[in-house]
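Engineer: These are the residues of each chain, in order.
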Amino acid sequence: MEQKGVTVWFTGMSGAGKTALAIRLEEELRKRGLRVERLDGDIVRKGLTRDLGFSKEDRDMNIERVTFVAKLLTRNGVAVLASFISPYRAARARARQEIGNFVEVFCYASLDTLVERDVKGLYKKALAGEIENFTGVSDPYEEPESPEVTIDSGTETIEESLGKILAKLEELGYVPTSEDDSAYTEDEEAEIEARLAALGYL
Amino acid sequence: MGFLDKLRSKRQGQRVVFIGLDGTPYTFLKRLIDEGRAPNAARLAEQGSLLRMESTWPWVSSVAWSTMMTGVNPGRHNIYGFIDRDPATYKQFIPTSRNMQAKTLWEVLSDAGKRVVVVNVPVTYPPRQVNGILVGGFLSPSLEKAVHPPAYLATLQSLGYIVDADPWKARESKDLAIQEVNAVLDARIRTLYHLLEREEWDYLHVHIMETDRLHHFLWQQMEEDHPTYGPAFYDFYQRIDDMLGQVAGKLDGNTTLVWMSDHGFCTVKREVYVNRWLMDKGWLRLRNVPPDRKKGLDEIDPSSVAYSLDPGRVVIRLRGREKDGCVAPGAEYEALRDEIATAALQLQDPDSGELIFQRAFKREELYHGPYLEQAADLILAPYDGYDPKGTLYKENLTFKGDELVGMHTHHDAMLYVRGRTLPQTRFSVLDVMPTILDLLEVPAPAGLDGHSLL
Numbered sequence: 001m002e003q004k005g006v007t008v009w010f011t012g013m014s015g016a017g018k019t020a021l022a023i024r025l026e027e028e029l030r031k032r033g034l035r036v037e038r039l040d041g042d043i044v045r046k047g048l049t050r051d052l053g054f055s056k057e058d059r060d061m062n063i064e065r066v067t068f069v070a071k072l073l074t075r076n077g078v079a080v081l082a083s084f085i086s087p088y089r090a091a092r093a094r095a096r097q098e099i100g101n102f103v104e105v106f107c108y109a110s111l112d113t114l115v116e117r118d119v120k121g122l123y124k125k126a127l128a129g130e131i132e133n134f135t136g137v138s139d140p141y142e143e144p145e146s147p148e149v150t151i152d153s154g155t156e157t158i159e160e161s162l163g164k165i166l167a168k169l170e171e172l173g174y175v176p177t178s179e180d181d182s183a184y185t186e187d188e189e190a191e192i193e194a195r196l197a198a199l200g201y202l
Numbered sequence: 203m204g205f206l207d208k209l210r211s212k213r214q215g216q217r218v219v220f221i222g223l224d225g226t227p228y229t230f231l232k233r234l235i236d237e238g239r240a241p242n243a244a245r246l247a248e249q250g251s252l253l254r255m256e257s258t259w260p261w262v263s264s265v266a267w268s269t270m271m272t273g274v275n276p277g278r279h280n281i282y283g284f285i286d287r288d289p290a291t292y293k294q295f296i297p298t299s300r301n302m303q304a305k306t307l308w309e310v311l312s313d314a315g316k317r318v319v320v321v322n323v324p325v326t327y328p329p330r331q332v333n334g335i336l337v338g339g340f341l342s343p344s345l346e347k348a349v350h351p352p353a354y355l356a357t358l359q360s361l362g363y364i365v366d367a368d369p370w371k372a373r374e375s376k377d378l379a380i381q382e383v384n385a386v387l388d389a390r391i392r393t394l395y396h397l398l399e400r401e402e403w404d405y406l407h408v409h410i411m412e413t414d415r416l417h418h419f420l421w422q423q424m425e426e427d428h429p430t431y432g433p434a435f436y437d438f439y440q441r442i443d444d445m446l447g448q449v450a451g452k453l454d455g456n457t458t459l460v461w462m463s464d465h466g467f468c469t470v471k472r473e474v475y476v477n478r479w480l481m482d483k484g485w486l487r488l489r490n491v492p493p494d495r496k497k498g499l500d501e502i503d504p505s506s507v508a509y510s511l512d513p514g515r516v517v518i519r520l521r522g523r524e525k526d527g528c529v530a531p532g533a534e535y536e537a538l539r540d541e542i543a544t545a546a547l548q549l550q551d552p553d554s555g556e557l558i559f560q561r562a563f564k565r566e567e568l569y570h571g572p573y574l575e576q577a578a579d580l581i582l583a584p585y586d587g588y589d590p591k592g593t594l595y596k597e598n599l600t601f602k603g604d605e606l607v608g609m610h611t612h613h614d615a616m617l618y619v620r621g622r623t624l625p626q627t628r629f630s631v632l633d634v635m636p637t638i639l640d641l642l643e644v645p646a647p648a649g650l651d652g653h654s655l656l
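In the order they appear, the protein sequences are chains A and B. Residue numbering for the first sequence follows my numbering, starting at 1 and increasing by one per position. Residue numbering for the second sequence follows my numbering, starting at 203 and increasing by one per position.
These are computed hints drawn from the structure, not numbers from a lab. Remember, predicted model here, so these are calculated numbers, not experimental data. C-beta atoms are modelled at their ideal positions from N, C-alpha and C, and glycine is treated no differently. Treat the hints loosely; a few may be bogus.
Which residues of chain B face chain A? A few of them, derived with a C-beta cut under 7 Å, are [said to hold, decoys possible]:
(1) I285
(2) R330
(3) P369
(4) W370
(5) K371
(6) S375
(7) L488
(8) D512
(9) G571
(10) Y573
(11) L574
(12) Q576
(13) L642
(14) P645
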């Protein structure tokens, strides 16, 4: 089936598992033969939006630029996996409106879990007042009101979360289901089998 | 390198050109070199390392090339043969790139920012996304569906590219077989030169399938020095040798030439129908004799305890895994597996009295990883000359035909790397991917089963 473009938008606080999940989803979609691009906050901020900081205006501009890129890719049939804290509801709503084919994945983890996990050591610094505008500590995070998928990385394994996202993408017709996942039509399979038999491989 | 070439070659760093010579035995190429029939290969062998390599068990191209391109064993890449089955439903299917569960060499290179061009490797259909061009191999239903990105199709069509030789024509007569493999080789080489000179790549991989096809249809005639087909066989290899020389001559100092074959070849003494043998031993019963081909494995009677898939893969009808499986896991399963293995090693060719199988591997002796459950329970490794088949029903245990006269061997694959001295150790197709990554100075992903030979 023809690939339908979509942006899967991972939102959530730092350390909630957005990037890890996007990387696993990327692997899974590639295995299914889909074209995929990943846009990640940590990477984009080193290039496309390196001039921006973390004030509300700058955060909105960051999301605006990324939305533009995601829109172009999505309308050209690519599965875009965007992982950004994107703390403001209004900015996410604009992204949804601009892009169209949009699946919001809310990556939740309790603040206790995040502080305990603190993969990048940022919460420690933020709680000590060393980082300004840190989402969830010194800056707001507005939780999505009706995301397509909510995952809780404090209680779910990454594979469980992945399963939920894939099921939603299949349901919405962005990813082929296991039934129509066959590489061949019936006629094609019969012909390839006959070819293998003619070569003595069956 | 000329000024124009320099302009064209925008890629920085090390590059590799990889030629897949499907099924060309190491010992055969060595003989051609020794007899002066392959002057280019002879010269190149002196400029690098030409080594004998082990294939996989079973030694079919789908398993061997999947192992080459992933650097992991089948228990981790999930490709065990040209045909497989869903144990719960007995639906048979042809494993494709969709079933491959490991990252390929070209995907790892793409992630590292390298540009790859990969053409005609088995089990790469449907094409998965790479940074560059990928054209699926002979399991592709059509060229139109085999090409990534689809826009490259027009270029391939303009080159007269052909996916594979027509096996039905080749079965019709030896003359047609030779005509067919030469015509497809023409198109393949034309495409190779085009890609080499006109496309941008860090890793260029072109797979020659025609060697394998020639061998299947004419290996015996070559070995027997047939007055017409013997010379035709050597003429074909002269073209392969010429191609190796031409390719080598077009490369700059930063580009390493590598070629590889995935298994060896020998003359078929007898095809061996493993399911016939399982029936004779009382381990397999069919609902109808002869069975309805359309029903496939559903023709297996539920009282059966084992069946075989091509080539020499014996599956025990384990309860809880196989459809209507009746063999209890644990002691009963192990006892039956031992019994079948022991009997297989005693099986003799009814005509000559020669033993047919040299080893009966339990799957865990060959494979490990998350997809081990998909593997057959026993993998029977034949002596060279005995070609195990997976046909569900045959009246007789063995057969000698005159259409398909060549078969694969395990120990006679080969690897060539120009400009490097590789250790003369025993190694297998598992080690090829890490070696290429090493040549390209790209770190190998963690946990590969193979190791770089550099």
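Engineer: None of the hints should be skipped; say for each whether it holds.
Structural biologist: Going down the list of hints, with the structure as the test:
{"no.": "1", "hint": "I285", "verdict": "holds (6 Å)"}
{"no.": "2", "hint": "R330", "verdict": "holds (6 Å)"}
{"no.": "3", "hint": "P369", "verdict": "holds (4 Å)"}
{"no.": "4", "hint": "W370", "verdict": "holds (6 Å)"}
{"no.": "5", "hint": "K371", "verdict": "violated (10 Å)"}
{"no.": "6", "hint": "S375", "verdict": "violated (14 Å)"}
{"no.": "7", "hint": "L488", "verdict": "violated (17 Å)"}
{"no.": "8", "hint": "D512", "verdict": "holds (5 Å)"}
{"no.": "9", "hint": "G571", "verdict": "violated (16 Å)"}
{"no.": "10", "hint": "Y573", "verdict": "violated (13 Å)"}
{"no.": "11", "hint": "L574", "verdict": "violated (19 Å)"}
{"no.": "12", "hint": "Q576", "verdict": "violated (15 Å)"}
{"no.": "13", "hint": "L642", "verdict": "violated (21 Å)"}
{"no.": "14", "hint": "P645", "verdict": "violated (17 Å)"}
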